[in-house]
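Engineer: Below are the chains, spelled out letter by letter.
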Amino acid sequence: MIANLTISQIQAGLKAKTFSATELAKKALEFAQAENAKTNAYLTFSPERALATAARVDQALAQGVDAGPLAGVPLAIKDVIVTKGVRTTCGSRLLEHYIPPYDATAVSRIEQAGGVILGKTNCDEFAMGSSNENSAYGPVRNPVALDRVPGGSSGGSAAATAQGTAVAALGSDTGGSVRQPASFCGVVGVTPTYGRVSRYGLVAFASSLDHIGPLARSVSDAALLLQVISGRDEMDSTSAFAPVPDYLSVLDGNVRGKKIGLPKEYFEGVASETGDRIAAGVEVLKKLGCEIREISLPVTKYAIPCYYIICTAEASSNLARYDGVRYTTRSAEAGTLSDMYRHTRGSGFGDECKRRIMLGTYVLSRGYYDAYYLKAQRVRALIAEDFRRAFSEVDAIVTPVSPFPAFKIGEKSGDPMEMYLSDIYSVTGDLAGIPCMSVPCGATSDGLPVGMQILTRHFDEPGMFRLADAFEKAGGFAGN
Amino acid sequence: MKITETEVRDVAGLANLALTDAEVGRMARELDEILTHIETLKELDTSGVEPMAQVLYDAGETATLRPDVERETLGNEAALANAPLAGNGYYKVPRVIER
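Read top to bottom, the protein sequences are chains A and B. Going by our numbering, the first residue of the first sequence is number 350, and it counts up by one from there. Going by our numbering, the first residue of the second sequence is number 7, and it counts up by one from there.
Calculated directly from the structure, the hints in this document are not laboratory data. Some hints here could point you the wrong way.
Stated by the list, open to error - SDA-like cross-link-like pairs, simulated, lysine to any residue; straight-line CA separation at most 25 Å:
#1 A:Lys822 / A:Glu622
#2 A:Lys650 / B:Thr42
#3 A:Lys613 / B:Glu49
#4 B:Lys48 / A:Lys822
#5 A:Lys608 / A:Leu731
#6 A:Lys761 / B:Leu71
#7 A:Lys608 / A:Lys822
#8 B:Lys48 / A:Leu713
#9 B:Lys98 / A:Glu622
#10 A:Lys650 / A:Arg737
#11 B:Lys8 / A:Arg737
#12 B:Lys8 / A:Leu770
#13 A:Lys613 / A:Met766
Based on the provided sequences and hints, a complete structural model is requested.
Structural biologist: As structure tokens, this is what we get:
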């Protein structure tokens, strides 16, 4: 069944000639297009591009050449990651007709590895949101419960992966935008170390916090996708030189003696059923031989104000480029240059983008810079220090991803501050720049998925994947 | 009140963002709530803490520089392809200088 395929099953199928990459791509496109009405996960399909890659894969296989680790794998790309010749909207009206003239590095690496890109997925406008309700193209519905949000901002990528209309997907994470939707939809979502994946071609939201990360239905598929897109890229000066280890080779299930920290601050405001699921997950880790200890990350309560100052400040600067000159949309009320800027932006941006541009401009403005922006950067240093201290005692930290499971569409959209507060457990990993992920950890009595977050030291993706994979194989998915 | 409607209008001016009167009122209320929450940072003593502008990891001092080699550029046509208004190889905008 196409909706449950794994990367290794596809590799086996191609090798045994059960199907060709072209046949699989056609079927996957047909399935994804037919199913899309249910969730609105895709905004644009890219059949020409998908079939061209599939044809290259088939040709390589026919010639006995290695077709790459993602050969023939149908994938989806969040619509904030640019694709040459394929519309990239960022979930915004402003970019409804934007056709990028180049590919993001992650996208070219996927296609070089044989990955077949089916299309672009829905998201909150410019990746700003926690529910996917801020998309100009309508909300995404959670495939697990269609009246609920899939989380955000990578809601379309999470929904497509959960629904089976993509084997895996790329998302982007600035304050939890990969992990939180992964947890809401019951899939794996990974935010790698800052700089592990090139940001070239990721439309900038908050540059010091932005990450590209994979979503998949298993830890090993997510690890393989991360493997392909990781590594130094000279087009992104912040991309890391550190060599990329073989993530799959560490998935040996051996986590005996690993020290796991449970930060007490992350369990204070958690909904009871979510807390119960995470507690059950921790029991699984204990059975695997992990040593569990309580730790403290005392600066956690300041993470939300810190994050919303830094991300909005950076966003207000990054979004200045949408001024009616270069990016497809210009207001008809453009009598003067100044009116063109103001009205293009006023009519083009949705409410959440405007709110963040305003807050970011305010905290950077004269007289407030030191009190807000510089203060937040100092608090950010303290949050990073919290983690450094913790990792001198433990190998990994385990927490909930979100205080509660997927909520109903419309339930929280009227209160921006409440929505911001829901990011409390996910913004810290981005602020510190450490690798973190969501791994499915059962479901509530209503059947809503719960995600367990694993965080490790900078560049310790191997340790994170080993623990997540051992957890998954020990029945983390089944809800134990 | 942390922020007045007048200040909202000033900030919107700095951000080149046209807001309707209704938006100004709503923005003032919402920003006020957010700024009140942000105030909690004041409780935290950060004296002597270096501001963290970027995630730090070990990298050689000049390691971020790529070799200075010429390479193909995007080209004028591709660069202008998404412009709402272009002509003669340039972006076109409303007249700025009267002659």
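Engineer: Work down the list of hints and note, for each, if the structure agrees.
Structural biologist: Now the hints, each set against the structure:
no. : hint                : verdict
1   : A:Lys822 / A:Glu622 : holds, 23 Å
2   : A:Lys650 / B:Thr42  : holds, 15 Å
3   : A:Lys613 / B:Glu49  : holds, 20 Å
4   : B:Lys48 / A:Lys822  : violated, 45 Å
5   : A:Lys608 / A:Leu731 : holds, 23 Å
6   : A:Lys761 / B:Leu71  : violated, 45 Å
7   : A:Lys608 / A:Lys822 : holds, 19 Å
8   : B:Lys48 / A:Leu713  : holds, 17 Å
9   : B:Lys98 / A:Glu622  : violated, 57 Å
10  : A:Lys650 / A:Arg737 : holds, 17 Å
11  : B:Lys8 / A:Arg737   : violated, 35 Å
12  : B:Lys8 / A:Leu770   : holds, 20 Å
13  : A:Lys613 / A:Met766 : holds, 23 Å
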